[in-house]
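Trainee: Spelled out, the chains give:
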Amino acid sequence: MEHVVIIGNGISGVTAARHIRKLSNKRITIFSVETDYFFSRTALMYVYMGHMKFEHTQPYENWFWAKNRIELKKGFVESIDYSSKKLSLSGGDQFTYDKLILAVGSKPNKFGWPGQNLKGVQGLYSKQDLDLMEENTSRHKVDRAVIVGGGLIGVEMAEMLHSRNISVSFFVREDRFWGNVLPLKEAAIVEEHLIKKGVDLRFNTELKEIISDENGRVKAVIASTGEELACQFVGLTTGVSPNIDFLKDSDLETEEGIVVNQFLETNQTDVYSIGDCAQFSKPLAGRKKIEQVWYTGRIMGETVAQTICGNKLAYKPGHWFNSAKFFDIEYQTYGCLNSMLQEDETNFYWEHKNGKMCMHFVFDKASRKFLGLNTLGIRIRHEVMDRHLDADATIDKVMEQLKDANFDPEFYRLYEDEIVAKFNQEQGTKITVKKRSWKRILGLG
Amino acid sequence: MKNLRNIGLVIFLGGFSIFITSLFVGTYKISEDKLKALYDATEEIDKGDTIAGSLTKTAIELHILDKEFSNQFSFSSHLSDLFNKSNAVIAESFAEKDGITANEVEKIYDLAIVDGKVIYSKDVVERVFFDNNKKQKLLIANTSWMFKESKSYEKVADFKKDFEKKLKGINGKLGEKYFVWDNKYSRFDLVKASSNGPITDNKGLFLFLTFGLCIIGTLMYILPGAILMGGPGIKNNGVYHDPATNRGWIGILAFLFLIFFYILLYFYPWLIVPWTSIVDPFKGLFIEGASASQWFLYGTLYTVSMCVMGIRMFIKYRHNRYQIVRTASVLSFQIIFAFLLVEILPLFDLPAMDLKNAWPLDYDMFFDWNVKGHFDSGTVGIFMFVWGVVLSVIVIPVMVYFYGKRWYCSWVCGCGGLAETLGDPYRQLSDKRLITWKIERWMIYGVFLFAIIMTIFSGYHSYNEVNYPEMSGKDVLFGMSAYNIREWYGFLIGSIFAGVIGTGFYPILGNRAWCRFGCPLAAYMGIVQRFKSRFRITTNGGQCISCGNCSTYCEQGIDVRAYAQKGQNIIRASCVGCGVCSAVCPRGVLNLENAPNTDGSRMEAPEVILGNEGLKEFLNK
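From first to last, the protein sequence lines are chains A and B.
Note that my numbering has the first sequence beginning at 11, numbered continuously upward.
Note that my numbering has the second sequence beginning at 150, numbered continuously upward.
Hints are supplied without guarantee of correctness; some may be wrong.
[Said to hold, decoys possible] Here chain A is said to cover these stretches of chain B; the calculated rule only asks that three of the stretch's residues, wherever they fall, bring their Cβ under 8 Å from a Cβ of chain A:
#1 354–365
#2 383–392
#3 464–478
Hint data in this document are derived by calculation from the structure and do not stem from the laboratory.
Quick reminder that beta carbons are idealized off the backbone N, C-alpha and C, glycines included.
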């Protein structure tokens, strides 16, 4: 029986295992050094904030794995011999594989700041990071923290610390929050919300140095502005990079990540790589060479499972989508919406007077083809947007059927009429919004 | 702001301590006047006098008349004796008047035992009671099985034993309608009538010191939350760090108190008489000078808890209009239908019916006393009964078809109402394991079946009561008495499951233990919801990140995430549509919807989760 070995029990590796099991009878083993069982990485923040216990982040009960004949092994893979298809674990144990999937994830970036390895300085990615954060902030008295890096994990960390009444200074290198992704106006809404929550947001600010106390624990940081801030905790959230140190200097081709082709194959026979650690030799049009999102990890897992089970399948994700939550403001995005308008693009932006909700559409100037949508504070129906993108729908059609797209809970105030009225005014169109139609939404008839 | 909160907590604890302590305040003394006043309420004139007279006499014999007891515990320890002995006194006096006397027994023995042989017969009876037709009939009806034609006795002693045993039964029953049976109701009435002391003298003051302080304190604790917890939005911070909500010591204490309260309420109501005295002034608003029963106390506590904790819901979910509307609805139904109307209807000689309570949750709907109560109250009473049937048979399934069972469970129902308000802090404690789902299905459908069987028996019984009042064994079907089945159902399901476990276990099993494992109405609606309804929780394409907030905060223990992460809609018989999974989802994945259902669009998992274009194309090929 063919033995498929997967290194890494995150969403990518586990999805691959589940789908291989669905499609075949192969022997499947997952190695992880992080945890005994798969958990949802994105949910770690809720454990810290007391919304959940760690076991609640585990999507499957513990019996699930044996029942589905997925062997789980805890251990650190130290080296891989690709020619004899052998793995060596740090304890000395050896395992052979027929097919190997590397789904080893990422690690927080550290850019060589002085003091970056002091106690009380950390990133947030793994279960171990969560435990460390718990220890750093509850076993030691922390009333001030500095977070470096204005992205998703940074804002998560700010929310976590805020829930424990720790005041946060947030260093952002760019002139706005999540500047490489969010357009100005969305960023402004999030910024205002963060400030209202008491986060001390500092733009155009980088970390210069972290200063130690007599016990090797952080006591202050020096910002690029020269200012020194006393703090007892530093969160390094300047992105993550593939966790592939143990694979470097081997026959496996790596750059930033493990280099793969469109079939998620590495340069070694029968070795595949998926998820955060995979780097596409030729990125798909409009997408990054390393995709570090939950959904892409899952899609890669589904895809590689087909290939391993004999249906050679290229990684071909559909239209881009993503979501996040910044304290109390939910964010969703569908299609392609860059932080800056591209040359042929134009946009339409609506914002609620409460300053917490917005909808931002981007479409092609000439053809009026709908390209992408950002929303804050309004939930959007994925299927509807995906269908519009699939059909190359015009912005006018999207507007006309805007009520179909709303996914807010019942009794929520609806703004489609207001939004389309503003659109008509700006664009000189005469669109009337159609009533919500289940027939269209469910694609019936 | 934080100080205000702490002061609130102290005030609440103060009020609560006074409430607990009040159980031990006051003295108890029965007097002739009180007994007369208590039993004079009965409709027949001589009845009240007879009972009160006999109880007075017995109380004197037991040396408890006009004696002051320092608490209800020592006082009530005499009640069993008092009732039983008084009943015996009544029985004796009736036996003397209408029963078979010792003298008459001797006469029977003289004729029925000849030369050491038993020849008891109808003839013997007729000869002894030639002048008393009534006694003749009574004896023949009860002892014909002992006549020599039917039974031969070898020993005289055996005959005498049987005869005297039967006689005791006959004589004992003569005064039966004047008996005061020793049960929780008579005990409660007598203890309540006998209570004195600071509470009975200052009911209004105690109402303020207990209910008043608890309400004020809780509101002072809850209201600042609007600011302290930060702006509108999901605020479950610290839920699993707090010993009140993570099955910690505060949760255990709350659990013990609730269990203790329910056991007293259902099985030892006479011990909580002081609590009922506290709410007498409130009862007085409906009927001047009326005395509150334990059920009025319970109704008041229930409604007050719901209202106060409902305010907490309004604050906690002020960003979520579904939660606001739903909470307002469930509060209105409780206040108007379950509380006010139940108090007001009897003022118009109508049955005290909770008009929103549907069979089989309303399990005594077809009990003989309830059916008769409605039929005796004229057209409106009959109309109310018909409404009850229409509600269960037509309104419930039709509404579940259109909106799912949530229209009842989390918009209307009283049990649901308490769970969604008082119980909200405990919703995360429901067990999510697959094994528990299996147990759940066996239990809830087991109870449903039990309710159906019980209803068939009581329906048969009530039908006979209405149509053949003279029939003997009206209550017996297939050799089992409707009374027995009813009693077991009431004890096991009505009291233990719905009350003691259903609410008492909030801090342990979560707030919907009854609704999930026991409620037969939920089972009934669940079947409709699962197989024939427009309701579903829609999963939003591929947006799920498996974080687990939805499953954690599902009070019904549904593993919502298991569906959402597959891109599958959630359609579970047990879903009460509280909407909290949708509320806590950080990615906008879940939404409660009513929509058409064609091609299995409602519940089938998609072959490919939205987003994997390559796999979709491959599978479509």
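Trainee: Hint by hint, which ones does the structure fall short of?
Mentor: 1
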